[in-house]
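Heads up: the sequence lines are chains A and B, in that order.
Residue 31 in our numbering sits at position 31 of the first sequence; the count goes up by one each step and never skips.
Plus 1000 on top of the position in the second sequence (first one is 1) and you've got our numbering.
It is worth saying that the hints were derived from the structure and are not from the lab.
Nothing here was measured: the structure is a model prediction, and the numbers come from that model.
Built from N, CA and C at the ideal position, the CB exists for glycine as well.
You may find that some hints are simply not true.
To be verified - Label pairs and their calculated CB-CB ranges:
hint	chain 1	residue 1	chain 2	residue 2	range
1	A	GLU116	B	GLY1017	22 to 32 Å
2	B	ASP1124	A	TYR129	48 to 58 Å
3	B	LYS1007	A	HIS99	13 to 23 Å
4	A	SER48	B	ASP1027	27 to 37 Å
5	B	ASP1124	A	PRO121	39 to 49 Å
6	B	ASP1124	A	SER48	16 to 26 Å
7	B	GLY1114	A	GLU116	18 to 28 Å
As the list claims (entries may be wrong) - Footprint (simulated), chain B over chain A, 3 or more residues, beta carbon under 8 Å:
hint	stretch
8	13–26
9	31–39
10	45–58
11	61–70
Protein chains: 2
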Amino acid sequence: MSGQENKQKPDFAKGGGLIPAIAQDADTGEILMMAFMNEEALSKTLTSGEVHYWSRSRQELWHKGGTSGHVQKVKEIRLDCDGDVILVKIDQVGGAACHTGHRSCFHFRWSGQGFELEGEPVFDPEEVYGK
Amino acid sequence: MSGQENKQKPDFAKGGGLIPAIAQDADTGEILMMAFMNEEALSKTLTSGEVHYWSRSRQELWHKGGTSGHVQKVKEIRLDCDGDVILVKIDQVGGAACHTGHRSCFHFRWSGQGFELEGEPVFDPEEVYGK
């Protein structure tokens, strides 16, 4: 295929230093969450084998599960055609990726009337994160 | 669970009118692409049953596959806990979501040395999109 390169690099400049990163369950294919990585977060993810993001609200490097122990173990990392979206396939320790205690952040499903809550939390966030 | 609402609304304001939308194969769970929706794109997606995005490069509503016929048929739409990421589960007509002809945009895999091309295109983009 002409013009198709064999390597791709992450393009942090396009998004002001941040690239969206989709976390997908490595076994089931379920999409668990989406957050952002800066260059340091990607680098730490690659070297440590545990997913690191950049927290936009706290403006700091965020080792997911670093406090609760509910880390995301990296199984595979992919980059898209334009280098501006990352996909991490992971094992989610503790069973839930969402701060609400739900397994996936995507627990609101379009019903025809609106996006309605579906499913139950796996854990009580107050127990895991404290109040 | 206290504080957990039963409905969620898309929050377009947070991202300047745009929300990232992840397209996932409804059958296999494979993540095919990520693009953006504005309010009109989401509305058209919901009413037509075919995925519409907002093209940031062309600054216009983008009916995916509208020209090539390789549309994305909506099977399910989900919203995340914060209302700022959309997940669409789809059937990809024509077999490929990526403009390169690859089935998925995420065809660069981390090898330990870099993100390296994996797999073959499903179609020749020059034939589908013209030169």
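Evaluated hints:
no. : hint                             : result
1   : A/GLU116 / B/GLY1017: 22 to 32 Å : 24 Å, holds
2   : B/ASP1124 / A/TYR129: 48 to 58 Å : 50 Å, holds
3   : B/LYS1007 / A/HIS99: 13 to 23 Å  : 18 Å, holds
4   : A/SER48 / B/ASP1027: 27 to 37 Å  : 34 Å, holds
5   : B/ASP1124 / A/PRO121: 39 to 49 Å : 47 Å, holds
6   : B/ASP1124 / A/SER48: 16 to 26 Å  : 40 Å, violated
7   : B/GLY1114 / A/GLU116: 18 to 28 Å : 43 Å, violated
8   : 13–26                            : holds (count 3)
9   : 31–39                            : holds (count 3)
10  : 45–58                            : violated (count 1)
11  : 61–70                            : violated (count 0)
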